[in-house]
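A.B. asks: Sequence:
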Amino acid sequence: MDDMEASENKDPSHFQTTSSNIVIEGCRLPVKMVASDEWPLGEVISIKESNEGRYFYIHYVDYNKRLDEWVTEDRLNKQKIQYPIAPQSNFGKKSHHASPAVENGVLSSGGAIKKSARKKKHVEIDTPITPIPSPSPLSQDNKTNNKRQKKLFPSDSTASETSNNETQEFEPGGGGATPTVSVRQTGSMVTHGSHDDVVTRMKNFHFIELGKNKISAWYFSPYPQELVHLPCIYICEYCLAYRKTRTCLKNHLIKCNLKHPPGNEIYRKDSISFFEIDGRKNKNYAQNLCLLAKLFLDHKTLYYDTDPFLFYIMTEQDSRGFHIVGYFSKEKVSSEDYNVACILTLPPYQRRGYGKLLIEFSYELSKFEGKTGSPEKPLSDLGLLSYRSYWAQTILEKLLQALNNAKPNEDERAKMSISEICEATSIKEEDVISTLQNLNLINYYKGTYIVSIPQDVIQSHYKSLSKRKLRIDPKCLHWTPKDWSKKRTGVNALKKLTVRGGRESGGRNSSSGGGKPAGLGGWQIEQ
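Per UniProt numbering, the very first residue in the sequence shown carries number 1; after that it's consecutive.
Among the hints, a few may not be true.
[What the hints assert, rightly or not] Quick list of the computed label-pair ranges, beta carbon to beta carbon: (1) Lys475 with Thr247: 42 to 50 Å; (2) Glu38 with Arg471: 36 to 44 Å; (3) Thr72 with Gln437: 43 to 51 Å; (4) Asn443 with Pro481: 37 to 45 Å.
[Stated by the list, open to error] Dumping the calculated BS3-like pairs for lysine-lysine here, alpha-carbon to alpha-carbon at most 27 Å: (5) Lys269 with Lys259; (6) Lys269 with Lys48; (7) Lys203 with Lys32; (8) Lys32 with Lys214; (9) Lys467 with Lys482; (10) Lys367 with Lys475; (11) Lys250 with Lys212; (12) Lys212 with Lys283; (13) Lys78 with Lys32; (14) Lys482 with Lys356; (15) Lys332 with Lys367; (16) Lys255 with Lys212; (17) Lys283 with Lys255; (18) Lys356 with Lys398; (19) Lys332 with Lys475; (20) Lys398 with Lys475; (21) Lys377 with Lys269; (22) Lys356 with Lys332; (23) Lys475 with Lys269; (24) Lys371 with Lys398; (25) Lys259 with Lys356; (26) Lys244 with Lys283; (27) Lys475 with Lys371; (28) Lys203 with Lys78; (29) Lys371 with Lys269; (30) Lys244 with Lys214; (31) Lys214 with Lys356; (32) Lys269 with Lys469; (33) Lys367 with Lys398; (34) Lys482 with Lys371; (35) Lys367 with Lys486; (36) Lys259 with Lys212; (37) Lys467 with Lys356; (38) Lys78 with Lys48; (39) Lys281 with Lys203; (40) Lys32 with Lys80.
FYI, nobody ran anything at the bench for these hints, they're computed from the structure. Model, not experiment: these values are computed from the prediction. Ideal Cβ positions, reconstructed from N, Cα and C, are used throughout, including at glycine.
I would like the entire structure built from these sequences, with the hints used as guidance.
C.D. replies: Take a look at the structure:
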């Protein structure tokens with residue numbers, strides 16, 4: 001969610017200060033932030049006229065887009081306006097489409113943990129470490145970009161391979177008339193460093209009402225056009241259908257027989273439950289979920305197909321039903337072993353431990369599958385912080401357990417290899433190493449690499465662990481992994497079967513006996 005716009009990466013020399021005080025779209029000037037005395041540099045994305053005066057949609061340079069807002073003219077410092085030197089082709093263009101189509105060596109051997117007289121605890125590494133670059137919310141493998149497609153319309157998840165140069169039309173679920181949206185299937189649907197479309201750079205909703213919560217929208221989401229200019233849209237917290245008014249929502253709730261997400265409840269402990277949703281079987285729900293999630297995810301682009309994805313919905317239960325707290329999605333088949341495509345905790349539930357619980361649950365599923373996993377990159381700013389915190393706590397927990405189990409008569413050493421850490425936690429090897437590097441725990445000692453854990457790190461770890469009240473209990477997970485690769489192979493085989501006027505796909509004549517068609521329905525079908 002910390003995708004910086006292309007405008008922020010522009011060389012300052014592309015702007016010039018003049019004596020003019022005319023505010024135009026694309027210019028930059030100091031803007032007073034709400035409830036603050038700060039005047040950061042802001043870029044004017046759009047201007048609108050009303051009976052009350054002119055309003056300016058401002059993006060604060062070097063700030064997250066979730067802080068973008070409409071401001072009045074009195075909050076602008078017109079004495080320091082910077083105008084772009086080169087004309088910006090998209091500035092000043094207005095669009096009336098609610099949902100525009102978006103285009104365009106490794107550590108492997110065993111080690112030892114030993115107690116130190118210097119009040120540090122060590123893990124000795126026998127083989128050299130090949131540094132693993134830390135995951136960045138703003139970086140992504142180009143090969144992955146070319147090979148995979150981000151699918152967030154409506155799947156806010158990630159990628160699957162589709163045929164080249166094709167378009168699909170899709171009407172997002174949710175009830176009421178919806179516009180048809182045509183999007184490209186080729187290439188990555190993530191738009192890094194280029195947010196030139198004025199429409200997609202602007203929030204198209206101020207608020208949504210979900211259950212008892214009225215939530216400020218953070219980013220653009222391509223809901224139907226007739227909803228765009230409403231001050232608030234109303235969403236059913238059970239099926240996630242969207243309505244224009246509270247009255248329409250009340251009428252919907254009379255007919256809606258859901259009190260929990262569709263799909264299978266695979267986990268329940270106390271008031272926390274997880275439901276598994278198949279994107280193919282529950283298309284409307286998955287599509288509505290992705291439209292909702294896009295309001296709070298900036299670094300993903302919506303795509304039409306939810307079939308290749310599973311969605312895991314975390315809910316909180318009370319007397320009224322099961323209320324959505326957050327979710328994560330994952331590919332049914334991931335060639336890169338990603339165990340999370342997108343992950344989101346809704347704003348009313350953030351900073352309460354639910355994000356880390358979602359992450360822990362995703363790794364618990366990986367343990368059941370018997371493999372390691374990693375979240376798909378790029379991670380958002382908040383997502384990266386949550387994952388680094390989870391990785392650090394989980395890895396330190398395993399290292400300190402091994403240390404505490406060390407026998408004094410074995411030279412105060414407890415062997416634990418990186419692969420054993422991966423096996424115990426289901427965290428991928430590169431994430432384990434990058435976490436140790438981020439914590440500055442890897443040192444070179446007496447001809448070998450060791451992980452040196454200072455006492456202050458240990459104390460900080462136990463302190464943070466004591467605050468973590470919500471944990472996943474594996475005994476409460478009732479779930480059997482499916483081998484989706486076999487099912488996908490079968491589906492792909494069926495897709496290759498075609499019938500053409502008396503000839504099968506291989507081009508051989510399929511007629512038999514006197515030119516009479518044979519086989520299914522008078523046609524012979526062969527692979």
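A.B. asks: Against each hint, give a clear statement of whether it holds in the structure.
C.D. replies: Now the hints, each set against the structure:
no., hint, in the structure
1, Lys475 with Thr247: 42 to 50 Å, "holds, 45 Å"
2, Glu38 with Arg471: 36 to 44 Å, "holds, 39 Å"
3, Thr72 with Gln437: 43 to 51 Å, "holds, 47 Å"
4, Asn443 with Pro481: 37 to 45 Å, "holds, 39 Å"
5, Lys269 with Lys259, "holds, 18 Å"
6, Lys269 with Lys48, "violated, 50 Å"
7, Lys203 with Lys32, "holds, 19 Å"
8, Lys32 with Lys214, "holds, 26 Å"
9, Lys467 with Lys482, "violated, 35 Å"
10, Lys367 with Lys475, "holds, 13 Å"
11, Lys250 with Lys212, "holds, 13 Å"
12, Lys212 with Lys283, "holds, 25 Å"
13, Lys78 with Lys32, "holds, 12 Å"
14, Lys482 with Lys356, "holds, 25 Å"
15, Lys332 with Lys367, "holds, 16 Å"
16, Lys255 with Lys212, "holds, 19 Å"
17, Lys283 with Lys255, "holds, 19 Å"
18, Lys356 with Lys398, "holds, 17 Å"
19, Lys332 with Lys475, "holds, 24 Å"
20, Lys398 with Lys475, "holds, 20 Å"
21, Lys377 with Lys269, "violated, 30 Å"
22, Lys356 with Lys332, "holds, 22 Å"
23, Lys475 with Lys269, "holds, 9 Å"
24, Lys371 with Lys398, "holds, 17 Å"
25, Lys259 with Lys356, "holds, 25 Å"
26, Lys244 with Lys283, "holds, 22 Å"
27, Lys475 with Lys371, "holds, 19 Å"
28, Lys203 with Lys78, "holds, 24 Å"
29, Lys371 with Lys269, "holds, 24 Å"
30, Lys244 with Lys214, "holds, 14 Å"
31, Lys214 with Lys356, "holds, 24 Å"
32, Lys269 with Lys469, "holds, 13 Å"
33, Lys367 with Lys398, "holds, 15 Å"
34, Lys482 with Lys371, "holds, 13 Å"
35, Lys367 with Lys486, "holds, 20 Å"
36, Lys259 with Lys212, "holds, 15 Å"
37, Lys467 with Lys356, "holds, 12 Å"
38, Lys78 with Lys48, "holds, 17 Å"
39, Lys281 with Lys203, "violated, 31 Å"
40, Lys32 with Lys80, "holds, 13 Å"
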